[in-house]
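Number of protein chains: 2
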Amino acid sequence: MSLKLTILGFNSAIPKKRSAPTAQLLEIANRHFLIDCGEGTQVQLRKAKAKFSKINHIFISHLHGDHVFGLIGLISTLQLLGKETPLYIFGPKGIQDFILNQLKHTQARCTFDIVFEELENKKTEKIFEDDKVEVHTIPLNHRIYTNGYLFKEKPKKRKLNIDAVKNHPEIQVCDYENLKCGKDFQSENGTTISNAELTLEPEKSFSYAFCSDTRFKPDIVPIIKNVDILYHEATFLSDLQEMADYTGHSTAKEAAMIAKEANAGKLILGHFSNRYKDLNVMLDEAKPIFENTILPTQLGVYEPEIHAIKMDIKT
Amino acid sequence: MSLKLTILGFNSAIPKKRSAPTAQLLEIANRHFLIDCGEGTQVQLRKAKAKFSKINHIFISHLHGDHVFGLIGLISTLQLLGKETPLYIFGPKGIQDFILNQLKHTQARCTFDIVFEELENKKTEKIFEDDKVEVHTIPLNHRIYTNGYLFKEKPKKRKLNIDAVKNHPEIQVCDYENLKCGKDFQSENGTTISNAELTLEPEKSFSYAFCSDTRFKPDIVPIIKNVDILYHEATFLSDLQEMADYTGHSTAKEAAMIAKEANAGKLILGHFSNRYKDLNVMLDEAKPIFENTILPTQLGVYEPEIHAIKMDIKT
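As you go down the protein sequences, you meet chains A and B in turn. The first sequence begins at 2 in this note's numbering and counts up by one. The second sequence begins at 2 in this note's numbering and counts up by one.
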């Protein structure tokens, strides 16, 4: 599977003994993206047996402590580990000063470059792209400037139908790349063999959307339409709707409504208020609206449903 | 016992799964003093079942991350818990900007005053005093400006010898306070009863010295002379003396030499380099010099030896 999400922590506000604040490690197309970095994230990464050296991109949703207080510690540890490649940090305007001021006071010896990509756009934008992956912001509505992030694999190349290809000895190995890219085969004698005859559908490209913290914001639906996994905060139940609106959070019902409208493959709830001891109440509220809703577990690993099953669910 | 030390963490540099960075909770004469605050300290405090509301004074030795990165998270949690009384933070010059800049960017809502007491004196000084306790700095020698701290109870009042007092009906309850303060009793008819006849020795006043991080610095001995418990960093063994000097740390042997010269009651080592898997090698090096040396345990609680035993050790 080319997408694997590890929930390092999903607690809101105050770190507890057995539940770390928000942080996630997303492995997508062999990239290792860290999403949010509450206090203690580096220890959670160790528990998850993550490879620190592979983390070169960090995406911070907003500058509330439970999403960012672990960042300076992680940076310091990467320095002590001798990291040399640049570290790219995406986050709200201000994050550069927030980190650099701490590095200045602690007289940290930087062994690598930190490249800050400060965000202040209130509309969605593509902030990262390489040959396999794109990352887009999901503008959210919280008490301070906040973005969710949509991570999606680019369309993959078609797969060679080797048996079909072998029926045409005039097709050489150096032609394969054109076929994978969808081109028909043109022989030297002028005949054409259609690509559909020579190749199979590419493997599915997966996507993941992280939405925390935010009030109910249905205008994000077009951005995350058909996402394979949606993580959406659900700090409260609906009986505390006013509290949710006031504090800039969502209810489990609202998270489920977003997942349903977006036709998501799977919904993971998170960022629960500490008042809820039995989190099954969250499922009780969300599942009638969006059945494929799950609760996260600390250090839990999540992958998209396999394609066939997912297609069944969606039809 | 009027002095109780809880080691919240004693790891050096990089936080690990099972060993938190430096932080200690000292309960002395019913005060709750937090000493250093590495990342994750607030979770360690929870594990130690500490009462957050009683922490009004925090002493930071120096601004290296493994001693201070947990401070902003703890402050934020105190705010969320609705703390109202002032929080006094003692630490190197710069700590105020270090914290206030983080509070600014995270738009924290302060429910209480933070009073920063920034230190830059290179000589020992008394930085805190109330009716029962004094705190003095212990200037250390590290890569950046660093202080250890000496916490000591003031001399306690003498105890009434009730049987002796009752033999003198002319002594009234309102005279007791003068007796506890060491005064002789003067009766109205002019006779004097000596204080020694009416009172017993006061309970012992205890003291604790925290010394981390530092190179071997024997000129601190007069400051910590006869301290009941000494915590002294021992990052390395003597075979890495050059490394210790270069990085501004001590060896187990040097820590023991300080304890011996200071006539300490007990020595707790800490801040070990992660290269040492079996920490008993630290004891092997220190104990021949200072027998009453111990290794800390995570969340371990330490009290001074009871008086009689300690006196035996010292004679």
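Keep in mind that the hints were calculated from the coordinates and are not lab data. Possibly wrong hints are sitting among the right ones.
Below are the EDC-like pairs computed for lysine to aspartate or glutamate, each with C-alpha atoms no more than 16 Å apart in a straight line [said to hold, decoys possible]: (1) B/Lys261 / B/Glu292; (2) A/Lys105 / B/Asp98; (3) A/Lys160 / A/Asp176; (4) B/Lys105 / A/Glu189; (5) B/Lys157 / B/Glu119; (6) A/Lys218 / A/Glu262.
Facing chain A, a subset of chain B residues (Cβ under 8 Å, in silico) [claimed, not checked]: (7) Ala14; (8) Lys17; (9) Val44; (10) Ala51; (11) Gly66; (12) Phe70; (13) Asp98; (14) Ile139; (15) Asn142; (16) Asn196.
Predicted model only: the values in this text are computed from it and were never measured. C-beta atoms are modelled at their ideal positions from N, C-alpha and C, and glycine is treated no differently.
Status of each hint after checking the structure:
1. At roughly 9 Å between alpha-carbon atoms, B/Lys261 and B/Glu292 fall within 16 Å of each other, so this suggested pair holds.
2. Restraint check for A/Lys105 and B/Asp98: the C-alpha separation of about 11 Å stays at or below 16 Å, so the hint holds.
3. Of the pairs offered as hints, the one joining A/Lys160 and A/Asp176 holds, with about 13 Å between alpha carbons and a cut-off of 16 Å not exceeded.
4. The straight-line distance between the Cα atoms of B/Lys105 and A/Glu189 is roughly 69 Å, outside the 16 Å bound, and the hint therefore fails.
5. Under the criterion of a C-alpha separation no larger than 16 Å, the hint pairing B/Lys157 with B/Glu119 is inconsistent with the structure, at around 30 Å.
6. Pair hint A/Lys218 plus A/Glu262 holds up; C-alpha atoms about 11 Å apart against a cutoff of 16 Å.
7. A distance limit of 8 Å between C-beta atoms decides the matter here; for B/Ala14 the minimum to chain A is near 6 Å, and the interface restraint holds.
8. Evaluation of the B/Lys17 hint against chain A yields a held restraint, the C-beta minimum of about 7 Å falling below 8 Å.
9. Hint on B/Val44 holds. Least Cβ distance to chain A is approximately 5 Å, under the 8 Å limit.
10. Nearest Cβ of chain A to the Cβ of B/Ala51: about 12 Å, over the 8 Å cut. The hint is violated.
11. Because the beta carbon of B/Gly66 sits about 4 Å from the nearest beta carbon in chain A, less than 8 Å, this interface hint is met.
12. Using the Cβ-Cβ criterion of 8 Å, the hint placing B/Phe70 at the interface with chain A is satisfied: the shortest such distance is roughly 5 Å.
13. A hinted interface residue such as B/Asp98 counts as satisfied when its beta carbon comes closer than 8 Å to some beta carbon of chain A; here the least separation is about 7 Å, so the hint holds.
14. Evaluation of the B/Ile139 hint against chain A yields a violated restraint, the C-beta minimum of about 21 Å exceeding 8 Å.
15. Residue-level restraint check for B/Asn142 is violated (minimum Cβ-Cβ distance to chain A is 15 Å; threshold 8 Å).
16. A distance limit of 8 Å between C-beta atoms decides the matter here; for B/Asn196 the minimum to chain A is near 51 Å, and the interface restraint is violated.
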